[in-house]
Structure formats: structure tokens, C-alpha cells
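Peer 1: Residue numbering for the sequence shown follows our numbering, starting at 7 and increasing by one per position.
It should be emphasised that the hints constitute simulated quantities derived from the structure, not laboratory data.
Because the structure is a prediction, the values reported are computed rather than measured.
Don't take every hint at face value.
[Said to hold, decoys possible] Using C-beta positions, here's what the derived DEER-type ranges look like:
1) H48 / A12: 17 to 27 angstroms
2) P20 / N42: 26 to 36 angstroms
3) V52 / G22: 14 to 24 angstroms
4) R53 / G14: 11 to 21 angstroms
5) P21 / N42: 31 to 41 angstroms
6) K43 / P23: 31 to 41 angstroms
Positions of the beta carbon are idealized from the N, C-alpha and C atoms, including for glycine.
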Amino acid sequence: HAAGLARGGSDEGPPGPRPHYGDGYYGAYLRDPDGNKVHVVHRADVRP
């Protein structure tokens, strides 16, 4: 999120837990300089 903002993106939702998506869900939203919405997520309950 911070790296995207530093490169010209705009905040669409700061990093943090998103309990409405389930336990262990942590995400952030931003728009890239072209206007595409980007969602970055970490799910603690999913292992490779």
C-alpha cells in the first residue's frame, strides 16, 4: 500500500483487518496512476 502510494497511487482503503471477509483477513485498497483499483490481501488462514 505504502509503495503504491509513493508511486502515484491514491488511497481507497488503508491497510487493516477486514473481519466482514472472514477471520485472518487483512487487506488494503488503492488506485494506480491509471485509475485501476488494486486490492492487496493477506489471509492468515491460508497456507501454500
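Peer 1: Are the hints correct? Go through all of them and say.
Peer 2: Hint check:
no., hint, verdict
1, H48 / A12: 17 to 27 angstroms, "20 angstroms, holds"
2, P20 / N42: 26 to 36 angstroms, "18 angstroms, violated"
3, V52 / G22: 14 to 24 angstroms, "18 angstroms, holds"
4, R53 / G14: 11 to 21 angstroms, "34 angstroms, violated"
5, P21 / N42: 31 to 41 angstroms, "18 angstroms, violated"
6, K43 / P23: 31 to 41 angstroms, "20 angstroms, violated"
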